Amino acid sequence: MIHKYKLNGYNIVLDVNSGAVHAVDELTYDLLDNVMPPFSPECPENVVKKLSRYYSAEDICSCYEEITQLYGEGLLFSEDDYEKFTKYAVASPVKAMCLLVSQDCNLRCEYCFASTGDFGLGRKLMDLETGKKAIDFLLEKSADRQNLEVDFFGGEPLMNFEVVKGITEYARSKEKEFGKNFRFTITTNGMLLDDAKIDYINKEMSNVVLSIDGRKEVNDRVRARVDGSGSYDRILPAYKKLVEKRGEKEYYVRGTFTKYNLDFADDVFHLYEQGFDQISVEPVVCDSKMPYAITERDLPKIFSEYERLAGKIIAGAKEGKRFNFFHFMLDLDQGPCAIKRLRGCGCGNEYVAVTPDGDIYPCHQFVGIEDWKMGNLNDDSFDESRKDYFAKAHIYSKKECKTCWARFYCSGGCNANNLIYAGDVHSAHKFSCEIEKKRLECAIMLKAVQSEENF
Amino acid sequence: MKHVKTLNKANLKKSAEKGGCGKCQASCQSACKTSCTVANQKCENLSK
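These protein sequence lines are chains A and B, in that order. Position 260 of the first sequence, counted from 1, bears residue number 280 in our numbering, the numbering being contiguous throughout. Position 15 of the second sequence, counted from 1, bears residue number 112 in our numbering, the numbering being contiguous throughout.
Careful: at least some of the hints might be erroneous.
[To be verified] When the alpha-carbon atoms are kept at most 27 Å apart in a straight line, the in silico DSS-like pairs for lysine-lysine are as follows:
1) B/K111 - A/K185
2) A/K24 - A/K450
3) A/K269 - B/K120
4) B/K139 - A/K24
5) B/K99 - A/K26
6) A/K107 - B/K120
7) A/K321 - B/K102
8) A/K269 - A/K467
9) B/K120 - A/K223
10) A/K161 - B/K110
11) A/K200 - B/K139
12) A/K107 - B/K115
13) A/K422 - B/K99
14) B/K139 - B/K120
15) A/K153 - B/K102
16) A/K26 - A/K341
17) B/K110 - A/K467
18) A/K422 - B/K106
19) B/K99 - A/K69
20) B/K139 - B/K102
21) A/K338 - B/K102
22) B/K102 - A/K194
23) A/K223 - A/K260
24) B/K102 - A/K419
25) A/K422 - A/K450
26) A/K261 - A/K194
27) B/K120 - A/K24
28) A/K261 - A/K236
29) A/K70 - B/K99
30) A/K279 - A/K269
These aren't lab readings, by the way, just hints derived from the structure by calculation. This structure is a prediction, so every number in the text was calculated from the model and none was measured.
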């Protein structure tokens with residue numbers, strides 16, 4: 021299977037099953053519409069005749085030779101022979117945990133999937149004992165996995181920062197004994213950041229996600245305080261200070277775009293102009309009836325906006341303005357192995373979320389959906405059969421993915437989105453797929469530009 | 098090649114041979130939290 025498209029003056033051909041990416045000329049692009057395996061030694065006469073209106077017979081034949089050579093090398097029309105690996109799609113050790121240390125928030129963001137912080141479960145803070153139990157659970161359930169990830173999430177985790185520190189210190193105290201390496205992440209809205217918290221986060225957290233939506237008017241329209249005033253003026257200086265002191269450690273400024281800012285490329289560049297070089301701005305995920313929801317009717321505008329963003333990134337890079345946009349980041353050579361790519365989302369299997377009450381859910385997006393609760397830390401309950409269920413949600417279990425060119429890049433998408441918006445974890449959420457495919461086309465095109473322009 | 102420029106090493110098939118060790122990041126733990134992209138992650142199997 022191949023996927024070919026034109027973007028920004030480039031003709032891109034992706035060989036889906038090998039992962040090979042080719043930039044091709046017009047002739048190759050056209051010829052690939054007319055030939056496919058099994059290949060005869062010479063280019064079929066009818067094809068030469070058909071294309072000879074536009075190209076010389078000599079060129080057509082030399083191009084055909086290149087195509088058959090690439091086919092022989094397994095770089096074009098390669099077979100999908102990965103389904104045999106789905107036998108490994110079984111329950112795995114838990115290696116990552118989202119800790120809702122604060123089921124409360126000091127902002128009232130209009131689009132919050134956590135119902136402005138409490139997940140519909142009431143406003144609560146996690147106590148240290150529950151946090152320690154969560155770490156003990158992870159140590160036990162992670163079996164031989166060495167790298168363990170803990171994400172302090174909410175609500176707003178800085179509202180319970182002493183517990184964040186207590187849990188971090190407890191986990192660190194267990195690393196040597198259990199042979200584990202904890203990697204902590206914190207996702208914050210920045211309202212309570214101060215020098216002491218910044219220093220602690222920069223010391224202990226391997227990644228920090230700083231929520232901000234971009235331009236002041238865009239951010240403040242939806243990311244409002246309880247009294248309705250905006251958050252931008254408070255958080256921006258704090259984020260700048262944190263990033264300035266962070267050195268080379270990973271971080272993202274992370275925004276959400278909605279129907280209110282379909283010109284979100286300007287928000288990405290606004291964040292860049294404020295001095296950030298690790299940027300993620302992502303589509304809102306919500307009920308389509310919400311006024312800020314993006315819907316299928318918005319897709320053409322969103323697609324053109326991603327193209328505009330890619331164009332701005334190229335133009336900026338030529339002037340030495342370089343930054344990472346999370347959804348355009350792609351490693352065509354050293355990315356994850358094919359086995360990993362069969363099942364992207366680890367939710368409910370390798371990854372769980374824990375609430376202040378000690379309830380265990382498949383992930384943060386499932387929190388509050390009672391039917392999907394997997395257990396509780398306080399009574400040692402944990403439904404292992406749910407792990408098997410999620411483990412089997414791979415690209416060959418989803419009919420839409422089986423024939424999709426993007427299946428080894430998104431790996432079947434987000435289980436929660438698939439369940440909530442497509443009705444089943446074994447169905448792909450088409451709307452998310454369309455956006456993902458556009459981002460991938462832009463990301464691959466950027467690789468072609470980088471290869472040519474050497475930036 | 099005159100007509101085609103291949104941009105990468107295309108090692109997806111080879112990666113399957115020693116793949117599946119589980120050392121890498123769980124997919125949603127970076128910046129997203131609301132979507133899933135896998136191909137932007139790193140292989141963390143240093144012995145591979």
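Now the hints, each set against the structure:
{"no.": "1", "hint": "B/K111 - A/K185", "in the structure": "violated (42 Å)"}
{"no.": "2", "hint": "A/K24 - A/K450", "in the structure": "holds (20 Å)"}
{"no.": "3", "hint": "A/K269 - B/K120", "in the structure": "holds (20 Å)"}
{"no.": "4", "hint": "B/K139 - A/K24", "in the structure": "holds (25 Å)"}
{"no.": "5", "hint": "B/K99 - A/K26", "in the structure": "holds (19 Å)"}
{"no.": "6", "hint": "A/K107 - B/K120", "in the structure": "holds (19 Å)"}
{"no.": "7", "hint": "A/K321 - B/K102", "in the structure": "violated (31 Å)"}
{"no.": "8", "hint": "A/K269 - A/K467", "in the structure": "holds (24 Å)"}
{"no.": "9", "hint": "B/K120 - A/K223", "in the structure": "holds (23 Å)"}
{"no.": "10", "hint": "A/K161 - B/K110", "in the structure": "violated (31 Å)"}
{"no.": "11", "hint": "A/K200 - B/K139", "in the structure": "holds (19 Å)"}
{"no.": "12", "hint": "A/K107 - B/K115", "in the structure": "holds (15 Å)"}
{"no.": "13", "hint": "A/K422 - B/K99", "in the structure": "violated (33 Å)"}
{"no.": "14", "hint": "B/K139 - B/K120", "in the structure": "holds (10 Å)"}
{"no.": "15", "hint": "A/K153 - B/K102", "in the structure": "violated (54 Å)"}
{"no.": "16", "hint": "A/K26 - A/K341", "in the structure": "holds (25 Å)"}
{"no.": "17", "hint": "B/K110 - A/K467", "in the structure": "holds (21 Å)"}
{"no.": "18", "hint": "A/K422 - B/K106", "in the structure": "holds (24 Å)"}
{"no.": "19", "hint": "B/K99 - A/K69", "in the structure": "holds (21 Å)"}
{"no.": "20", "hint": "B/K139 - B/K102", "in the structure": "holds (25 Å)"}
{"no.": "21", "hint": "A/K338 - B/K102", "in the structure": "holds (22 Å)"}
{"no.": "22", "hint": "B/K102 - A/K194", "in the structure": "violated (51 Å)"}
{"no.": "23", "hint": "A/K223 - A/K260", "in the structure": "holds (16 Å)"}
{"no.": "24", "hint": "B/K102 - A/K419", "in the structure": "violated (32 Å)"}
{"no.": "25", "hint": "A/K422 - A/K450", "in the structure": "holds (14 Å)"}
{"no.": "26", "hint": "A/K261 - A/K194", "in the structure": "violated (31 Å)"}
{"no.": "27", "hint": "B/K120 - A/K24", "in the structure": "violated (33 Å)"}
{"no.": "28", "hint": "A/K261 - A/K236", "in the structure": "holds (18 Å)"}
{"no.": "29", "hint": "A/K70 - B/K99", "in the structure": "holds (21 Å)"}
{"no.": "30", "hint": "A/K279 - A/K269", "in the structure": "violated (33 Å)"}
Consistency note: the structure conflicts with the earlier hints numbered 1, 7, 10, 13, 15, 22, 24, 26, 27 and 30.
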